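**Q** Residue strings, one per chain:
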Amino acid sequence: MQTGREVVVTGLGCITALGVGVKQFWSSLCNGRSGIGPSADPDRAALNDAPVAEIPGYQPADHFNARSQRFMDRISQYALIAASEAIQDAGLEFDAELGERTGIILGNGMGARHTVDGALEDLYAKNIPVPPNTIPKAIISGPSSHISIQYGITGPSWIVSTTCASSNHALGQAWDLIRSGQADVVIAGGTEAPITVPTFKAWQALRILDTVTCRPFSKDRQGLVLGEGAGIIVLEAAEHAQARNARVYCRLAGYGCSSDAYDLTKVSPAGAARAIKTALKTADLEPVDIGYINAHGTGTPLNDSAETAIIHGIFTTHAPNLLISSTKSMHGHALGASGSFEFIAVAKALAEQVIPPTANFTTAGDDCDLDYVPNIARPAEIQAAISNAFGFGGVNAVLAATR
Amino acid sequence: MTDNLEQRVVEIIAQFTETPPSSIHAGSTFDELGLTSLDAVTITYELEQELGIELTESDTYSINSVQDLIDGITQLTRAGTET
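Chains as they are written, first to last, in the working numbering: chain A, 1 to 403; chain B, 1 to 83.
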């Protein structure tokens, strides 16, 4: 069911708990090294050593001057750091003509928590008036606007907010913009900075955070571990990439999304399955073509067994052959940015023919009976992969990529 | 007071623009300093916090130069002493 133009991946950039840059990210994934641990940030002391996946040693001043910091929440800072790497990696230089033919579509789930939570604390606890930079700094579309201003990108730009599925929806919409001819290039992905004390405590109150680490598909898993950062993927019309001899990581071949109309926090097998089937259909792929699944794999008791059942339902006899991993075990769950990290993992897996593992794996959980590539990366010949994201609110988005 | 105020305004703007204070003088317009209206509002807020005063909204938006800012604050502090 391929319609429209072919879309390829020509640039990658990220900042995550595994450090700054895709090189560091990918080598950590391949070594099964997790970025999860107690926070080293004094501003997060009230988390009482609960595990988080924070960017190690992040200091805004290492990346931005004082004036930029005044108007950029961390969601914008992270997005710009990742975008700068991805644009350089793609070898793109924007003039007026390319700027007009380029879009920016990013996912974000939680908004500018550092700015909003900080202003509220100042106002209520310290009686400090709210400063005038609060609104410009806190607008949720700040990340895409800052990238647009920095690079002179004047095509379509917006932020998609669908909780944990935000990045996958953003990449899917970017794919549509290129396929339909509205853009030749889209800077796509996601950004999230949810680790403030009040926002962390709100997640904790839901009782779905693991108190030790993130252990997807393991028997002893307790829940997710909050992460932060941004992942940027440069998507490009294949003909555009070819004309400038760009290096191609993989094709973004299909995209499926659906809504559960079921529950705010529980995964509906039917909704998630429809998103996977649509992703396969739009990519002209059969279940048997898929070699790797980057699972949603949050590490919550409910998600991982439900996701396993959904995979069995769609892939039937091929399910045991699939290599499945949850890289959230290493970069944590960065909510609206997670899908961007995971799509970078998929693009690198297809390009390098190496499957990143599920780290922190102990013994398989009940109803978790597939090959989760436990703890050690595995070289494998794969032609196609999918990346799952099932968000709170019952929103699902699945991406299909091919070599 | 006025000399000290001018010095402090220049220092805050210099910090904001990350330029040496010697490159900023009372006659500099915000345009010349590369400051947008959003920057001007933010600088005004920082001065208000430091000096414990509050300029009205219409005052804030008529401020286009370092001198305007000094004048606005001087007027406000003088009014404060007179009442």
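A portion of the hints provided could be inaccurate.
Said to hold, decoys possible - Using C-beta positions, here's what the derived DEER-type ranges look like:
(1) B:I53 x A:D122: 16 to 26 angstroms
(2) B:I53 x A:K23: 48 to 58 angstroms
(3) A:N31 x B:N4: 50 to 60 angstroms
(4) B:T74 x A:W158: 44 to 54 angstroms
(5) B:G34 x A:N31: 37 to 47 angstroms
(6) B:N4 x A:P38: 24 to 34 angstroms
(7) A:I149 x B:E50: 27 to 37 angstroms
(8) A:G393 x B:N4: 30 to 40 angstroms
(9) B:I53 x A:S141: 32 to 42 angstroms
(10) B:I53 x A:D263: 50 to 60 angstroms
(11) A:W158 x B:S22: 51 to 61 angstroms
(12) B:Q49 x A:N65: 43 to 53 angstroms
Simulated from the structure, these hints should not be mistaken for lab results.
Every value quoted in this text rests on a predicted model; they were computed, and no experiment measured them.
A virtual CB, placed ideally from N, CA and C, is assigned to each residue, including glycine.
**Q** With reference to the structure, classify each hint as holding or not holding.
**A** Each hint, compared with the structure:
{"no.": "1", "hint": "B:I53 x A:D122: 16 to 26 angstroms", "verdict": "holds (19 angstroms)"}
{"no.": "2", "hint": "B:I53 x A:K23: 48 to 58 angstroms", "verdict": "holds (51 angstroms)"}
{"no.": "3", "hint": "A:N31 x B:N4: 50 to 60 angstroms", "verdict": "holds (59 angstroms)"}
{"no.": "4", "hint": "B:T74 x A:W158: 44 to 54 angstroms", "verdict": "holds (45 angstroms)"}
{"no.": "5", "hint": "B:G34 x A:N31: 37 to 47 angstroms", "verdict": "holds (46 angstroms)"}
{"no.": "6", "hint": "B:N4 x A:P38: 24 to 34 angstroms", "verdict": "violated (47 angstroms)"}
{"no.": "7", "hint": "A:I149 x B:E50: 27 to 37 angstroms", "verdict": "holds (30 angstroms)"}
{"no.": "8", "hint": "A:G393 x B:N4: 30 to 40 angstroms", "verdict": "violated (56 angstroms)"}
{"no.": "9", "hint": "B:I53 x A:S141: 32 to 42 angstroms", "verdict": "holds (34 angstroms)"}
{"no.": "10", "hint": "B:I53 x A:D263: 50 to 60 angstroms", "verdict": "holds (53 angstroms)"}
{"no.": "11", "hint": "A:W158 x B:S22: 51 to 61 angstroms", "verdict": "violated (44 angstroms)"}
{"no.": "12", "hint": "B:Q49 x A:N65: 43 to 53 angstroms", "verdict": "violated (21 angstroms)"}
Figure legend: structure checked against the earlier numbered hints; hints not met, in rising order: 6, 8, 11 and 12.
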